[in-house]
Amino acid sequence: MTKEYKTINQISGPLIFVEKTEPVGYNELVNITLPDGTTKRGQVLDTSNEIVVVQVFEGTGGLNKECGVRFTGETIKLPVSKDLLGRILSGAGEPLDGGPRIVPEDRIDITGAAINPYARLPPKDFIQTGISTIDGMNTLVRGQKLPIFSGSGLPHNEIALQIARQARVRGSNEPFAVVFAAMGITNEESQYFMRDFERTGALERAVVFLNLADDPAVERLITPRLALTAAEYLAYEHDMHVLVILTDITNYCEALRQMGAAREEVPGRRGYPGYMYTDLASLYERAGVIKGRKGSVTQFSILSMPGDDITHPIPDLSGYITEGQIVISRELHRKGIYPPVNVLPSLSRLMNSGIGATRTREDHKAVSDQLYAAYAEGKDLRGLVAIVGKDALSDRDRKFLEFADMFEDRFVRQGEDENRDIETTLSIGWDLLAELPETQLTRIDNKYIDKYHPAHKAEKKE
Amino acid sequence: MKNKGEIYRISGPVVIISGLNTKMYDVVKVGTEGLMGEVIGIEGDKSTVQVYEETSGLKPGEPVENTGMSLSVELGPGLLESIYDGIQRPLPVLKDSMGDFIKRGVSANGLSREKEWDFVPMVKKGDKVNGGDIIGTVQETQNIEQRILVPPNVSGTISDIKKGKFKVDAVICTLDNGKELMMMQKWPVRKPRPVAKKMTPNTPLITGQRILDGLFPVAKGGTAAIPGPFGSGKTVTQQQLAKWSDTEIVVYIGCGERGNEMADVLHEFPEIKDPKTGRPLMERTVLIANTSNMPVAAREASVYTGITIAEYYRDMGYDVSLMADSTSRWAEAMREISSRLEEMPGEEGYPAYLAARLSEFYERAGKVKALCGKEGSITVIGAVSPPGGDFSEPITQNTLRIVKVFWALDAKLAQRRHFPSINWLNSYSLYTKALGPWYDEHVSPDWVKLRNDSMELLQKESELQEIVQLVGSDALPEDQQLTLEIARMIREYFLQQNAYHEVDTFCPMDKQYKLLKAITSWGDKAQSALEGGAEIAEIMKSSTKDDLAKVKYEVEFDKALGVILKNMDEEFARLRGK
Ligand SMILES: Nc1ncnc2c1ncn2[C@@H]1O[C@H](COP(=O)(O)OP(=O)(O)OP(=O)(O)O)[C@@H](O)[C@H]1O
Ligand SMILES: [Mg+2]
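Chains A and B supply the protein sequences, listed in that same order.
Read in our numbering, the first sequence has 2 at position 2, and its numbers run on one by one without any break.
Read in our numbering, the second sequence has 326 at position 326, and its numbers run on one by one without any break.
Wrong hints could be hidden among the right ones.
Below are the DSS-like pairs computed for lysine-lysine, each with C-alpha atoms no more than 30 Å apart in a straight line [stated by the list, open to error]:
1. Lys399/A <-> Lys550/B
2. Lys390/A <-> Lys559/B
3. Lys191/B <-> Lys369/B
4. Lys65/A <-> Lys77/A
5. Lys3/A <-> Lys4/B
6. Lys46/B <-> Lys124/A
7. Lys273/B <-> Lys29/B
8. Lys511/B <-> Lys433/B
9. Lys273/B <-> Lys291/A
10. Lys460/B <-> Lys550/B
11. Lys20/A <-> Lys29/B
12. Lys29/B <-> Lys115/B
13. Lys412/B <-> Lys379/A
14. Lys335/A <-> Lys197/B
15. Lys541/B <-> Lys399/A
16. Lys451/A <-> Lys167/B
17. Lys541/B <-> Lys460/B
18. Lys291/A <-> Lys103/B
19. Lys447/A <-> Lys95/B
20. Lys457/A <-> Lys550/B
21. Lys46/B <-> Lys3/A
22. Lys95/B <-> Lys124/A
23. Lys433/B <-> Lys125/B
24. Lys103/B <-> Lys82/A
25. Lys77/A <-> Lys460/B
26. Lys447/A <-> Lys115/B
27. Lys46/B <-> Lys451/A
28. Lys124/A <-> Lys412/B
29. Lys6/A <-> Lys82/A
30. Lys273/B <-> Lys191/B
31. Lys451/A <-> Lys541/B
Hints are computed from structural coordinates only; laboratory data are not their basis.
Excised from the complex, chain A in its bound form (with noise of 0.2 Å):
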């Protein structure tokens, strides 16, 4: 049993200062026994000869002077198992569903390693999420980080359900599971999700984290490590396929802000603190493939953009860490449209690599540029209208025009339980496109058009 200190001389939002102690290692877990004989746990972030500083996960709400500290000797590990599959833990890896402890086949540090970039396989596998704005034109790949950019309000927990229900790698078996951290979100919230998950049966191959609106704060620093640890050890030791969903990374970033601002550190932009960067990317980076392991770790994340500001620091950082982010669209949402994706500003940077005739269709990326410029080129011509009136359009403009609603309403707009296979969005994409003069599918090599333009196709079966 490790010494019990007495010595603390200070508490501080989520903070303690503990005293006179014997050397203590830096990132050590604490345990911190309350006089009434509840515990509670910390992490050191501070620690010399003189003073050491502990971040107390579950707050530091009841603590006084005379609460007894330990320090473990150790980091904070997550004891793990094939067990974890079908459990729901709290945001600190505690059981919540009444089951027993896991007996952990492993002990791991859930600060995680980096992955040695020479050990990384470049992701290429197209993962089929049945959704058309995804598939067809931001296609998600295994290894891949790729976040929902939304906003209060909009229904990005229905998207990441319907994508966790969906997501298949075609033509594959592999063993696949979903890691679900909640960060901060409401119990309503989450029973939403966990009512889903057990309506479908998905509850037997996911793993659940629940840090809830009214958990502590700082419980979410630790979260997501927890939930990213499970990750791995089931994709890197038990080979399987894992699909992590992180909701909201906006409440965790606020538990950072928070607790850079008790510590009294210089703030960065907006109050965040100035390695908030290198923090996003400690969680984010931990996706991927692995050279030689059959397993991967697949991001996708959701995170309510404060004020639907694509600028501001949360989704502006973890843009410059992600692969690509999928955008949600208010507007979208106050036509009706389901799910309200804006292909505009979304993008899925590994999309070249895992799509073309051996992956999913050789016209798949020219369908897909096609799609997007007449789609942008339609919504500047809304803009003009207002102007100008539709009366001023040319013909050509007006085809443009009809494109765009016709792409919101049949391409982006589908069933909560719509799952399309690759070939019937491509092929919706060929009838929106089949509208425009065919003088104007400029993006399209002839070749494509010739096999797959419905006009052309018919020809053919005549």
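The hints should help you fit chain B with the ligands onto chain A, whose structure is shown.
Quick look at chain B with the ligands alone, frame taken from chain A:
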């Protein structure tokens, strides 16, 4: 004070040690695992150390040892084709010793001590040599010969020189003063390697990227910055430069960026062939990968490691280009460490010495006469990642004060999928004048005029666009409608270039010239047709115009263009005849 001290305090990557005799920038071994660190501050009997590895679990009281050496890199055969972390540890070696994840406490030599290289001497006994002189060569990769240099601060008369296969740390040459030389030498990364003389850059770096070579060229030995918001094309542009630039050596630093991007380079570069030599690009490349989740102190060092390696090849008389993606992450590493030191923060929390560090770094670029007498150069191209894409922030602003070329990425263009998304109105190059004579001689005497006319047209377009926004384009006079059309052709047919298209990814200078010339000559013909009474609507229907859109993708470009030019003459003859 002595050579051994102990840890006093740990806060993230910053460790304070007591009782150790240190100098600034000494490398120290921290803790029982001997983690590598560097002294970055001294106060009383305490030294502040930035540690290049994870510090979890480190305890006050653990021992610290001073190596007495400054943070240095190993220079010699075997640099090319390597991939290093920020402190020159080869990533394949780390993978062998610690597995797929980067753990800590492993030191690894920058250069292999096992491999033997065939050393061919170029000097003989009795020759007098000075610092920087070439004493022999090693065929490092099929096309690159490494010239073995006398370390800059060494000179003497050769008393013995060897020939044959040696390891990098074998003595291959002895001087009369007893000094022994190896193929490998070490150099402290924070200290620029000396040169005989700095020269004025006067040759363009040919990048094969039309907007860069055509409108905003950088000179060999020059400096350029490429700022832009996320997803606007910094990395793609830098990688294009690393692939296609006509330098002999490329140093590519992934500084605080994505692991998958580095994996991509590692998988791609051995496959792609250098258009000039036909050899895999990897054979001329040194990669430094200190990704965003690797230790920040090593990220801070990565830029220095890279530029020192670049200087070494420059000193042999090579043209080197160095890409740093992203200098903002480097600056942020400085900021993180500075704030742990509780230094007085400057603008946006960056340390007050930010501007000085940036200019010291870019100052290491340049065209030079090396100590050995040959000419060499380092071209430095730094990516900048401004928060929110706002160029008024400190890194962008301080960088722009130093560099001579500014490639302004534009989120709006990226969103329109106009690639490369370099804004032609905001970007600039201060080298265009100095490079004029080179273009006259090597491209064509009318190239400079062609470029200036095109720029003028694009400028004109943006003025006209403002009117179009208000009244629509049909309200413009016909000649202005034509101006808009020619400008559009320049933008879409010439400036747009798809990095992923197998033909268009690289565009030689000669092709750039012919393409731009063809577009402007269509413009001239259209203009005179219009003046001669042809209908604007007819002109706009020109089929050779559409042909020009796709000609850049042709494998047999010259042939295809020839046909178009011929058809163009006929087409306009018809138009005039009407
Ligand atoms: N020249 C180009 N040709 C084709 N596509 C391009 C080109 N430049 C950029 N792109 C597209 O834009 C995407 C983003 O580019 P890139 O990764 O270079 O952005 P970045 O500026 O480095 O972003 P970050 O700051 O987040 O690293 C690429 O994945 C690619 O799809
Ligand atoms: Mg980039």
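Do the hints match the structure? See the list:
no., hint, result
1, Lys399/A <-> Lys550/B, "holds (24 Å)"
2, Lys390/A <-> Lys559/B, "violated (44 Å)"
3, Lys191/B <-> Lys369/B, "holds (18 Å)"
4, Lys65/A <-> Lys77/A, "holds (27 Å)"
5, Lys3/A <-> Lys4/B, "holds (29 Å)"
6, Lys46/B <-> Lys124/A, "violated (50 Å)"
7, Lys273/B <-> Lys29/B, "violated (42 Å)"
8, Lys511/B <-> Lys433/B, "holds (22 Å)"
9, Lys273/B <-> Lys291/A, "holds (24 Å)"
10, Lys460/B <-> Lys550/B, "holds (25 Å)"
11, Lys20/A <-> Lys29/B, "holds (27 Å)"
12, Lys29/B <-> Lys115/B, "holds (27 Å)"
13, Lys412/B <-> Lys379/A, "holds (14 Å)"
14, Lys335/A <-> Lys197/B, "violated (67 Å)"
15, Lys541/B <-> Lys399/A, "holds (19 Å)"
16, Lys451/A <-> Lys167/B, "violated (60 Å)"
17, Lys541/B <-> Lys460/B, "holds (23 Å)"
18, Lys291/A <-> Lys103/B, "holds (17 Å)"
19, Lys447/A <-> Lys95/B, "violated (46 Å)"
20, Lys457/A <-> Lys550/B, "holds (25 Å)"
21, Lys46/B <-> Lys3/A, "holds (29 Å)"
22, Lys95/B <-> Lys124/A, "holds (22 Å)"
23, Lys433/B <-> Lys125/B, "violated (48 Å)"
24, Lys103/B <-> Lys82/A, "holds (24 Å)"
25, Lys77/A <-> Lys460/B, "violated (63 Å)"
26, Lys447/A <-> Lys115/B, "violated (52 Å)"
27, Lys46/B <-> Lys451/A, "violated (74 Å)"
28, Lys124/A <-> Lys412/B, "holds (28 Å)"
29, Lys6/A <-> Lys82/A, "violated (39 Å)"
30, Lys273/B <-> Lys191/B, "violated (34 Å)"
31, Lys451/A <-> Lys541/B, "holds (27 Å)"
Of the numbered hints stated above, those contradicted by the structure are hints 2, 6, 7, 14, 16, 19, 23, 25, 26, 27, 29, 30, listed in ascending order.
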